[in-house]
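Modelling step: build the complete structure from the supplied sequences, incorporating the hints.
Number of protein chains: 2
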Amino acid sequence: MLNAVGRELPEEINGRKLKPYKGPFSFKPEGRRYAPPLKAVFPDEKKVLPSIKDAIKKTGLEDGMTISFHHHLRNGDYVINKVLNEIAKMGIKDIKLAPTALFPVHEPVIEHIKNGVVTSIEGSLNGPVGEYVSKHGMKNPVILRSHGGRARAVRCGELHIDVAFISASIADEYGNCNGMMGKSAFGAIGFAYADAFHADNVVVVTDNLQPYPVSPISIPQIYVDYVVEIDSIGDPSGIQTGTMQITKSPSRLNIAKNVVEFLAKAGIIKDGFSFQAGAGGTSLAVTKFLHDYMKKNGIVGDFVMGGITGFVVDMLHDGTIRKILDGQSFDLRAVESMANDADHVEVSHIMFGDPHTCGCVVNRQNACFLGATEVDINFNINVNTHSDGLLLHGIGGHQDAAAGSDITVITIPLLRGRLPVIREEVTTVSTPHHTVDVVVTDAGIAVNPQREDLIEAVKGKIDIVDIEDLYKKAKNLVGEPKPPEFDDEIVAIVEYRDGTVLDVVRRLK
Amino acid sequence: MLNAVGRELPEEINGRKLKPYKGPFSFKPEGRRYAPPLKAVFPDEKKVLPSIKDAIKKTGLEDGMTISFHHHLRNGDYVINKVLNEIAKMGIKDIKLAPTALFPVHEPVIEHIKNGVVTSIEGSLNGPVGEYVSKHGMKNPVILRSHGGRARAVRCGELHIDVAFISASIADEYGNCNGMMGKSAFGAIGFAYADAFHADNVVVVTDNLQPYPVSPISIPQIYVDYVVEIDSIGDPSGIQTGTMQITKSPSRLNIAKNVVEFLAKAGIIKDGFSFQAGAGGTSLAVTKFLHDYMKKNGIVGDFVMGGITGFVVDMLHDGTIRKILDGQSFDLRAVESMANDADHVEVSHIMFGDPHTCGCVVNRQNACFLGATEVDINFNINVNTHSDGLLLHGIGGHQDAAAGSDITVITIPLLRGRLPVIREEVTTVSTPHHTVDVVVTDAGIAVNPQREDLIEAVKGKIDIVDIEDLYKKAKNLVGEPKPPEFDDEIVAIVEYRDGTVLDVVRRLK
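Heads up: the sequence lines are chains R and E, in that order.
The first sequence begins at 1 in our numbering and counts up by one.
The second sequence begins at 1 in our numbering and counts up by one.
Any given hint could be a false lead.
What the hints assert, rightly or not - Derived EDC-like pairs: lysine to aspartate or glutamate, alpha-carbon spacing no greater than 16 Å straight-line: (1) 28/R with 45/E; (2) 28/E with 45/R; (3) 28/R with 44/E; (4) 46/E with 44/R; (5) 28/E with 44/R.
Said to hold, decoys possible - The following label-pair restraints were derived from C-beta to C-beta distances: (6) 157/R with 114/E: 42 to 50 Å; (7) 19/E with 45/R: 19 to 27 Å; (8) 292/E with 272/R: 21 to 29 Å; (9) 272/R with 58/E: 25 to 33 Å; (10) 272/R with 42/E: 43 to 51 Å.
Simulated from the structure, these hints should not be mistaken for lab results.
A virtual CB, placed ideally from N, CA and C, is assigned to each residue, including glycine.
Have a look at this one:
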């Protein structure tokens with residue numbers, strides 16, 4: 001079975017039938033939303049339970065069920081490990097773990113995999129758990145989805161959640177909660193919406209129980225079965241993983257400058273402009289340079305969608321943009337702004353990127369700037385694996401932003417150390433070439449030939465290079481890396497946001 | 001079939017099987033939420049349509065389908081009449097009309113009933129349409145539900161909506177909208193949530209289309225299929241129907257004073273106090289006197305749920321309460337506060353009163369003050385019909401507030417003109433005696449004997465009278481009114497909030 005990015009797929013894996021990817025907008029859903037059970041909590045009933053263990057018991061969690069988590073605290077999260085430890089102690093096995101993402105802090109998950117507590121994962125893997133899965137596989141392949149794709153899967157029941165654990169930095173005893181206030185404030189709680197709305201049981205875990213009613217109400221009481229207060233849900237300083245500073249590398253600063261120049265010359269940056277911001281060093285630089293450009297030219301943008309950082313907050317504060325739409329806050333300035341700025345609006349990841357709704361935010365974005373571990377000469381993008389074949393990253397909002405935005409710009413260096421970033425074929429297709437428009441490198445800008453309109457728009461204004469020339473240039477400089485040796489076992493499935501399959505990841509020999 | 005308020009019911013009406021009311025918390029739902037179809041709106045698709053007619057066409061509305069509306073603009077609403085006129089012109093028949101409520105302004109509905117355009121109504125009837133139904137009946141009996149009960153019925157699919165028309169005083173072209181801004185601002189849009197979340201198709205009708213993204217986002221784009229801009233959705237001055245001023249009647253002011261005194265003596269009014277406010281002249285006086293009492297005694301309440309008026313806003317502004325939870329705003333000061341006060345929080349009517357959730361707001365209320373057209377010696381309440389049998393009012397939040405609040409206080413005059421308000425048996429049971437605690441009249445205060453705790457709490461502090469004595473007193477003064485003459489035809493079914501049946505309304509001879 002060959003899909004529309006030329007990847008050969010089995011028709012079925014472990015009883016799971018695969019639908020091949022056929023193009024970014026080729027799949028219209030025919031089903032209905034998942035319908036969770038009705039509940040009844042009467043006036044004399046309480047929801048606060050003394051411990052996570054009690055919540056696990058009360059929800060009826062048992063072998064073979066699925067539990068979900070959000071990753072707003074990123075590498076500072078304490079809740080996944082705490083819940084899994086309790087589950088393990090209680091002797092519950094064969095759990096499907098459905099976090100929005102795992103981080104290095106979740107390395108203890110590996111022990112739970114080894115012990116049979118966790119036998120499936122549907123969620124993004126960043127770091128050690130991904131590396132473990134690459135080398136050892138699991139009972140079932142990991143399902144990798146974009147943010148919008150995961151919301152879609154939850155919303156239609158493809159990812160059925162028995163118990164959602166929602167970390168909240170403030171909650172009342174009836175479960176109204178948000179992530180904006182308290183010692184562990186992490187800002188937007190966009191990932192939690194899909195789970196709260198569709199899980200069969202919802203447990204809010206907080207370290208900050210406050211009198212009823214807590215507001216703003218991100219997750220309303222009507223969806224929350226139980227509330228547990230613990231000492232700490234996490235360390236908010238762990239939100240700022242990786243580089244949350246503007247790159248200091250002159251070549252990457254140059255990439256960022258070129259992105260803005262390209263967009264400006266292509267006539268994209270004008271009143272009403274909107275874009276999706278990112279949090280990598282280059283993306284932050286793009287945001288900063290866009291800010292400067294817009295301010296200098298008196299341009300006011302409609303909105304920035306994020307992954308929000310302080311650099312975007314600056315744009316809101318000085319009127320360069322009218323609104324921020326925020327699904328997850330990427331630094332503590334964004335967290336503070338989320339709590340204080342009325343025009344910094346929390347949105348769910350359903351609204352951000354679920355393609356099977358009446359339209360998501362990415363559809364409205366003029367531009368997005370995204371990174372990649374590899375880009376190939378067909379403009380396919382890899383963000384999941386490295387050239388050595390190790391599964392080390394989630395898809396994030398990559399597929400969603402690329403599909404929705406008028407212009408999808410990939411910012412990459414030509415080389416990372418001794419590794420070329422532009423490849424003949426990416427190790428893993430994370431985002432299909434149909435949705436990728438411009439690749440900006442420190443060695444030139446390539447435009448996807450399918451975007452004749454863009455090529456026309458910048459003709460004579462900006463130098464465009466052929467992506468094959470970039471590929472050759474990189475190869476001439478550092479050669480081709482040794483291809484990873486995979487065996488046949490499929491350890492992960494890369495779903496496209498609509499539930500079709502883009503690619504699979506195989507186990508490293 | 002006899003229910004728990006002693007009403008005899010048929011087992012079935014027009015093929016609709018009735019479940020008898022068995023007590024306020026006797027029914028636990030076993031089903032699931034209604035699951036609307038998944039959608040897909042791709043980036044190049046637009047949602048704005050030039051007219052209501054186009055929206056009707058695009059949604060595929062046809063004979064026999066159900067359309068819904070909210071009543072936030074109350075007697076100032078223009079949208080129901082406009083949509084029904086288009087439907088009639090297009091020759092569509094046999095429509096089930098599911099407004100949250102109809103008002104005198106919707107009298108043209110009667111013509112549509114006569115012409116077969118509208119053959120069923122599920123929704124509250126205030127005024128002429130109710131009178132028409134009382135006298136003539138319809139093809140199917142009208143289903144009367146409380147606010148929470150309607151949200152429940154929509155949420156579980158008992159009231160299936162093909163097309164929800166949502167009036168918004170501001171919207172963007174992707175459907176994000178609210179009722180807080182614009183020339184037709186009406187404040188909270190709490191009724192629209194259940195419909196937006198569960199209707200098969202959603203059309204936002206606005207007179208104020210603004211650049212994307214509009215915020216605050218009450219109804220998010222993901223639920224909205226189409227957006228139509230019209231000249232005017234209504235006249236916000238029509239929100240303030242009836243008496244929105246504190247009563248000037250000395251006897252009603254006395255009732256209000258007695259309510260506060262009763263609650264104070266019963267030890268209910270203390271820090272953390274919460275109540276549901278109403279908008280009748282006596283309820284407004286209760287709110288005002290509570291405000292005075294709390295302020296004088298340095299008491300700070302947790303929240304007021306409403307039906308919010310400026311009198312509650314005053315309490316928020318001077319710190320007498322911490323939060324307002326608002327499902328519908330009852331005057332223009334409430335509308336203004338909704339837009340400007342962060343602690344004036346919009347809530348859906350699912351959250352307000354749907355009993356088949358993980359707990360609604362009414363469960364958290366210490367007290368509520370409600371009116372009645374009749375109260376009987378068993379403490380059953382009628383708010384739907386008058387003693388002449390005419391169906392003239394909806395249930396509103398009456399059942400919900402009564403069921404959830406720690407103390408439900410009914411404020412009534414002993415007489416209305418030459419009519420006694422306390423009856424041997426109410427004409428229609430709208431709210432069951434199991435959830436009614438105190439009846440405060442200008443001739444004394446009666447406490448439901450089932451509330452021994454309350455009787456004990458005020459013993460020696462407040463004079464309590466027997467409700468039968470109040471009944472006799474009224475009868476001695478004005479006699480019994482002539483009982484209405486009904487024929488057998490059932491023209492309306494009064495559902496309890498959980499979907500069981502409290503009573504039926506029969507056609508007047």
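Do the hints match the structure? See the list:
1. 28/R with 45/E: With Cα atoms ~14 Å apart, residue 28/R and residue 45/E stay inside 16 Å; holds.
2. 28/E with 45/R: holds, 14 Å
3. 28/R with 44/E: Measuring from Cα to Cα gives roughly 15 Å; hence the hint holds.
4. 46/E with 44/R: violated, 48 Å
5. 28/E with 44/R: Distance ~15 Å between residue 28/E and residue 44/R Cα, so the pair holds.
6. 157/R with 114/E: 42 to 50 Å: holds, 45 Å
7. 19/E with 45/R: 19 to 27 Å: holds, 22 Å
8. 292/E with 272/R: 21 to 29 Å: About 51 Å separates the Cβ atoms of residue 292/E and residue 272/R, which means 21 to 29 Å is violated.
9. 272/R with 58/E: 25 to 33 Å: holds, 26 Å
10. 272/R with 42/E: 43 to 51 Å: Violated - the Cβ-Cβ distance for residue 272/R and residue 42/E, about 20 Å, lies outside 43 to 51 Å.
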